[in-house]
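Participant: Sequence:
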Amino acid sequence: MPLTLRVYTVGAALSPTAVGVKDWATDPEQRARLGELSTRLTGVNAFAA
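Numbering (UniProt numbering), first residue to last: 1 to 49.
Calculated from the structure, these hints are not laboratory results.
It cannot be assumed that every hint is accurate.
What the hints assert, rightly or not - Here are the computed distance ranges between Cβ atoms for each label pair:
no. : residue 1 : residue 2 : range
1   : A48       : P2        : 38 to 44 Å
2   : L3        : G43       : 23 to 29 Å
3   : T4        : T42       : 22 to 28 Å
4   : P2        : N45       : 34 to 40 Å
5   : T4        : L41       : 20 to 26 Å
6   : L3        : E29       : 35 to 41 Å
7   : P2        : K22       : 33 to 39 Å
The beta-carbon is built from N, C-alpha and C at its ideal position, and this holds for glycine as well.
When you get a sec, could you build the whole thing from the sequences and use the hints?
Facilitator: If you want it as structure tokens, here you go:
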């Protein structure tokens, strides 16, 4: 059975021509929420001291 790979992009956030970072990418509150979600989903706390 052949393997089908599909690549999707979401707006300008993943555009190779985008310059700099979006405001949400540097927001400490958003980073914390992402860290907590990642820990819940993977069971690995990458930010543990």
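Participant: Per the hint of 23 to 29 Å, is the separation of the Cβ atoms of L3 and G43 within bounds?
Facilitator: holds (28 Å)
Participant: Starting from the range 38 to 44 Å, see whether the pair A48 and P2 falls in it by beta-carbon distance.
Facilitator: 41 Å Cβ-Cβ, so the 38 to 44 Å window holds.
Participant: Starting from the hint 22 to 28 Å, judge whether the C-beta atoms of T4 and T42 obey it.
Facilitator: holds (26 Å)
Participant: I want to verify a distance hint. Is the separation of the beta carbons of P2 and N45 within 34 to 40 Å?
Facilitator: holds (38 Å)
Participant: Taking 33 to 39 Å as the hint, is the beta-carbon distance of P2 and K22 inside that range?
Facilitator: holds (36 Å)
Participant: Could you tell me whether the CB distance from T4 to L41 stays inside 20 to 26 Å?
Facilitator: holds (25 Å)
Participant: Please check whether L3 and E29 have a Cβ separation lying inside 35 to 41 Å.
Facilitator: holds (39 Å)
Checked against the numbered hints given earlier, this structure breaks none of them.
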